[in-house]
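S.K.: Chains W and G supply the protein sequences, listed in that same order. Letter by letter, the first sequence follows residues 1 to 100 in our numbering. Letter by letter, the second sequence follows residues 1 to 235 in our numbering.
Quick caveat, the hints were computed from the structure, so don't treat them as lab data. Among these hints, one or two may not hold up.
[To be verified] Example chain G residues on the side facing chain W (calculated, C-beta under 8 Å, incomplete):
hint: 1; residue: 8
hint: 2; residue: 9
hint: 3; residue: 11
hint: 4; residue: 86
hint: 5; residue: 88
hint: 6; residue: 89
hint: 7; residue: 90
hint: 8; residue: 92
hint: 9; residue: 93
hint: 10; residue: 214
hint: 11; residue: 229
hint: 12; residue: 231
Glycine residues also receive a C-beta, built at the ideal position from the N, C-alpha and C atoms.
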Amino acid sequence: MSEPIHNLTNLDRVIHEPSRLLLVALLSSVESADFLWLLKESHLTKGNLTVHLSRLEEAGYTLVEKSFRGKFPHTEYRLTPQGLAAFEQYRKSMGAILDH
Amino acid sequence: MGTLIDTAIKRGRGYWFVDGFIELLAGGILILLGGILLLRGMAPQDSFLAQFLSVTGEIAFVKLVGFFLAALALWWLKDRFTYPRTGFVRGKRLSAMQILVFFRNGFLIMALPMLMLLVAFLTIPLLQGALFSMPVWFPIGLGVLWAVICLLGHQWTGLRRFQLLAGVIILAGIKAGVWQWTIDTSNLTFETAIYRTFTSASLLTLLSGLALVISGLITFLRYRHEYPAPYQEEA
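Working from the sequences, and respecting the hints, build out all of it.
M.R.: Okay, here's the thing in structure tokens:
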């Protein structure tokens, strides 16, 4: 009985935040995606999205690649293996907590 | 718990189909293939072997050239229309081994049962009668197989229209089979059975292509309505 209670406090707080959880879930099914796609899918404001992506990058969960598409700057975000592992672990932990 | 997260995961997988371009192009190729087969079936027939080789050659040509042109058109359309409106997504990269396994499974699922059936019909005398009813059961079987692929697509991407497409394709297969059932089957030779299988399969291909084009067109119009212009920075 004590283990699930312990799990509850051990949840990854970087991913646990709803907006970041959505961003990580979106990125988990693709190789990479640009800022515009994440903006449209998450319905966050540009400022909020930038803050959450920065937080994920700081945690080492996402990688940012800047390039040019024609004349325009283009930024792509991808989930790192560490980010993907953290997401899978989070899903497992939440599943265990809710199923218990 | 998993439901909303799973939906978010499927959004990435389904993004490839968000604008309807894939259905429009795939439907176009199927209509072209079905049209060729149908016209061939109706045209006066030369020797069976010449006709058979000519039709299979045309199918292979349309598939190869069609897929190449469709891939080019898709790349151009996505780059000019979709990415400026709703963003760019790079799909998961597959390793060489995953691609190999994908093609192996595709072959095992699609080609092997057909091949085994054909061998069984040709070698087991008792089953040879079933060969002559191939124009009826072949399009139904093929329709069911395509419908299963559509349902897998629905499961993978969460897009409901794939379920609808599966239903329409099964109905198209049944329609093609019933159409052949109503035609007089007395004095049917092996060659005629093959010709008529081509014809019934062509009807299925044509109807499936039409369903895909309609689905793609509706999706495209809805997408264009929702995103009439490329995304612009707010002032």
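S.K.: Now, for every hint given, state plainly whether the structure supports it.
M.R.: For each hint, the structure was consulted:
| no. | hint | result |
| --- | --- | --- |
| 1 | 8 | holds (4 Å) |
| 2 | 9 | holds (5 Å) |
| 3 | 11 | holds (6 Å) |
| 4 | 86 | holds (5 Å) |
| 5 | 88 | holds (4 Å) |
| 6 | 89 | holds (5 Å) |
| 7 | 90 | holds (4 Å) |
| 8 | 92 | holds (5 Å) |
| 9 | 93 | holds (5 Å) |
| 10 | 214 | violated (26 Å) |
| 11 | 229 | violated (13 Å) |
| 12 | 231 | holds (6 Å) |
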